[in-house]
Every structure is written in structure tokens, then in C-alpha cells.
Amino acid sequence: MSEAPVREQEHELDTSWMDQMGEWGIKAKPGKRGLTLAEIQIGEYGELPETTDNMTGRPRGATPRPEAYRVGAYGVRNLSEIWLENATFLYEEALQRQWSSATDIPWHTIEPLPDDIEEAECLLCTFFNEVEFVAGDVPARWIAKTSPDFFEARHVLIAQVMDEARHMDVFRKRALANGGGLMRMSGATSGFIGSIDLARDFTEMSTRLHISGEGAVLTMFRMGELMGQNDAEKRMYRLCAQDEARHVAFGVMHLRFLCEHAPERRPEIECYLDEAEAQIMAGLQNPAGTQAETSEALAILLGGGKAHYDEGHKMLLVIRRRQLKEYMKRVQSAGFGERFENGRSSIPEQYAAAY
Amino acid sequence: MARFPSEAWFKEVQEVYNSDSSLHTGGGGACETTAAFKVGDECYRIVFEGHQCLEIRSASEAELASPETDFIIEMAPELWKAMVENIQEHGAAHDDQTLNSIDLRQDDSIAYSPEDDQARQDLFYRFNQNFQDFFDASSRVETTFD
Ligand SMILES: [Fe+2]
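Note that the protein sequences, when read in sequence, are chains A and B.
No gaps in the numbering here: position 263 of the first sequence is 263 in my numbering, and each next residue is one more.
No gaps in the numbering here: position 112 of the second sequence is 467 in my numbering, and each next residue is one more.
A hint or two may mislead.
To be verified - Restraint ranges, calculated between C-beta atoms of paired labels, are given here: (1) B:Ser-374 x A:Glu-67: 55 to 61 Å; (2) A:Leu-182 x B:Gln-443: 36 to 42 Å; (3) B:Glu-362 x A:Asp-274: 45 to 51 Å.
To be verified - Result set (SDA-like, lysine to any residue): computed pairs, CA atoms no more than 20 Å apart in a straight line: (4) A:Lys-325 x B:Asp-471; (5) A:Lys-32 x B:Gly-405; (6) A:Lys-306 x A:Arg-184; (7) A:Lys-306 x A:Met-183; (8) A:Lys-325 x B:Asp-472; (9) A:Lys-32 x B:Glu-387; (10) A:Lys-32 x B:Thr-389; (11) A:Lys-325 x B:Ser-464; (12) A:Lys-173 x B:Gly-381; (13) A:Lys-314 x B:Asp-458; (14) A:Lys-32 x B:Asn-373; (15) A:Lys-325 x B:Arg-460; (16) A:Lys-173 x A:Asn-129; (17) A:Lys-325 x B:Glu-470; (18) B:Lys-393 x B:Ile-457; (19) A:Lys-32 x B:His-379; (20) B:Lys-366 x B:Thr-388; (21) A:Lys-32 x B:Gln-407; (22) B:Lys-366 x B:Lys-436; (23) A:Lys-29 x A:Gly-61; (24) A:Lys-325 x B:Asp-462; (25) B:Lys-366 x B:Leu-378; (26) A:Lys-314 x B:Arg-460; (27) A:Lys-325 x B:Asp-463; (28) B:Lys-393 x B:Lys-436; (29) A:Lys-29 x A:Gln-96; (30) A:Lys-314 x B:Asp-463; (31) B:Lys-366 x B:Glu-440; (32) A:Lys-32 x B:His-406; (33) A:Lys-306 x A:Asp-116; (34) B:Lys-436 x B:Ser-456; (35) A:Lys-32 x B:Gly-384; (36) B:Lys-393 x B:Glu-440; (37) A:Lys-32 x B:Ala-385; (38) B:Lys-393 x B:Ala-357; (39) A:Lys-32 x B:Glu-423; (40) A:Lys-325 x B:Gln-461.
Rather than coming from a laboratory, the hints here were simulated on the basis of the structure.
Ideal Cβ placement from N, Cα and C applies to all residues, glycine included.
Just need the whole structure built from these sequences, with the hints factored in.
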């Protein structure tokens, strides 16, 4: 038996915290897709404030604690500034469709390639590495600026950051897998792509990143299947394209929500679209732009070598036409299609001229 | 032996696709969409739910055009045939015979939303691997053509 003195208990256990509960008795049930975020949007836990003054990081639905510090300088506190109708769905989709660049790409199918093709592929991999850094860093900055009351939308962005990390690593792996390496950086991050990070408003950022930037990159990833010289490259591009289409969906659905819930912001949004479109033109149509090297690499890969550059360039123009059309249709889907009919946007002209 | 295109052929493909768990990971994970295929005048409706192809069956043109359909993949019968033949020959779509590659070689997309909503047409890109896996599974279905 212990020789330690037995002490009388000096204090009653204070369990008053047990009475400080949020809405109680909740029994969330899995749906046919499991227990998704949509299934726990129940009662107060599912109530989204139009505007929130939650600056303490209080989880939505938890009881406030008056002495809690203001831990987050949340700039995004209006629902319409960040929200989208299908946030829970997109988040679950992102989680359930993750893949591994280590094991889901048949790296063994890569074989030595002619120098011009390897160099063009490595140039693209270098370019995508730069681009993906921006695509990861920028949403990441906005996550911390967004009120935790809108966590579903934040979660989609967090999943995007994971996707972009994988894109960065898969292109780096490809560059280092076949006797080549990285090439000289494109400098794209100093131009339009870098300008995404200068946005002062979330929707301004999302318009540039998700709709015009990632919309354009989605087409490039899709082209990867035509450019790919082996199953590893084809699969790498195809899986990246799926992720990218999800990121584009965030932008389109967010813009649609904003258009419906804050129509007074329409004129301002049109200006963001003006800017994004001017940049698309500079970045993709101007052969003297900083992206010229990237375009040449695409044409070499599409044609199947330097000797077939013209053929590749022709294919590139056809695909770019599709890219412009899809951009217009996405903006239309978001509720801003008028700009292509009333002369405000120059994209219809570019589309007509892109042959 | 099933004839392409026919409901019986698609149902055999569905069985192969659903029973091979290796097709439901690595970028071909859970998929939620209702889509359709148009091969000439023949229409088929396909529903993916989670890791399964829940339904594939003949449908009317009017049904395809309903708001339930996210997107329709429509190609000339000879394009469909070339793709299926290529899959039969190689065990999976080879070279430029994947859905995505075929799509990029056309002036207009082979996939479109009956409501002309790009956000729904984009589901063809978001779930592309599942649709590719589905058709690649047809390499294990003994196939005849008209
Ligand atoms: Fe992305």
C-alpha cells in the first residue's frame, strides 16, 4: 500500500462547461455518398449568416466565449463575397478524387525522346511549375482572410491548394524523369499570372485565377493528351485537367452566386472581367508576349517535333478557338454573358479571328 | 457477343466497370453525374453515383434533352466505331482515341450541355477519367459491329 498521505479533495470539480452547449441533440445521418458536409448542415450548424462579425475563430454553431481574442483579421465577412451553391459538393469531390503523382502515373512508360521534344516538354513543365506556385499561394492567402463561418468555401480552397501542390510536384517529376531537367523560367509570374496576386477583392482574384487563368490552363492540360508521347504524360495531363476543371467550377459557381445575391456589384465585376480579358489577349494572342516560348513548345509537341512546327501551330489555333468559346460560355453561365453581345468584350472578335 | 451500339453492349461494359475496383481510384474516384451518349440516332442515358455506374440504358431523344442531363457526348457513328475498335485492339484507348483527344480534334466539342450551360459541360472534364475507364472496360466485352 502507498505511504503517500491521503488528502481530502479541496475543490469540487467545476463542470459548468457542460451546460455551455450549442444546439444539442443533433443526429447527422450518412446519405448515399457517406456523411458529407451537406449532411451536417443541420439546424443552427447549417445557418449561413449573410454578414458575420465572428472574429474569434468560433466554429459555426458553437457557443460564443466573451473573453475570446479577436484572432483573425477576417476581411471576407459577407456571404456573397466568397460563397457558391455547390461548395460542399465540390469539397467532397476534391477529397474523393485525389490521386498520387508517385503511384498513379505509369512512369515506367517513359522512354528517351528526341531532344527537341524533350526540351519542349521540359519547358512546359518549368512553366507549369511557376504557374502552380501562384495557383497554390494565392488561394492560400484568401483562406486565412475568410471568416470561419464560411468554412465550406474555405475547405474547397484548401483542397485546391493540395491539388496545386500535386500539380507542382508531378511536373517537376516529369522534368526530372527522362534525361532532361528544368529549363529557364518563363517569367510568367511577373506578368498576368503574377497579377492574380495583386487582387484586393476575393471575386477579383477568383475571376482572374479560376475563370480566366485556370480556364486557360485547363485547355492546356487537356491538350497534354495530344502532346503526350507516352501513357505517363497522357495520364499526368488528364488527371491534372480533372482537378483544374474543379477549380474552374469554383470560380463559375461563385461568380454566379455573387451575381444573384449582390447584383449591385455587377458593374465592378464587369471591370474585373475587362482586365482579365485584356490579359488573356496579351498572354495568349500576342506572339511577342512573354508566353511566346510556351506557345512554341506547345506547337512543337502537338506537331511532333520542330520539323512539324507549322502543323502543330495550326492545331494550337484550333484549340485556342475552343478555349475562347469555353471562356465566353463560362462567363455566360455565371450570369455575365451580355458583355459578349453588347460590344463590351473583345473576345467575340478574337474568337472570329482565331483561325 | 454484343453489338455496338446496343443497350446490351453498354450493360456488359457496365458490369465490367463496376466489378473492377482498380478502376475506382487514382483520379477515377467517386463521380456524380447523369450524362448521355448519342451514336447516330441511338441514345443512351448513363448515371454515375459514387464508385458505380448506377444505370445505363436506351433513352429517347426527349429524355436526353431533359434538365437532368448534365452533358451529352455525341459523335458520328464512324468516330464511335473507330474508338471502340481501337479499345478492342489495345485493351484501352490508344494514341489519339481517348474521348478527350477525339474531342480536341473536332471544331466543336463532342460533349455539350442540353441547357447550353458550360458549367455542366465542364463535368465532362471533371469526370473524364471515369468515362475513359468506362469505355476502356469495353475491351473485355466481346464486340461486333453493324
Ligand atoms: Fe488549378
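Hint numbers contradicted by this structure = No numbers; nothing is violated.
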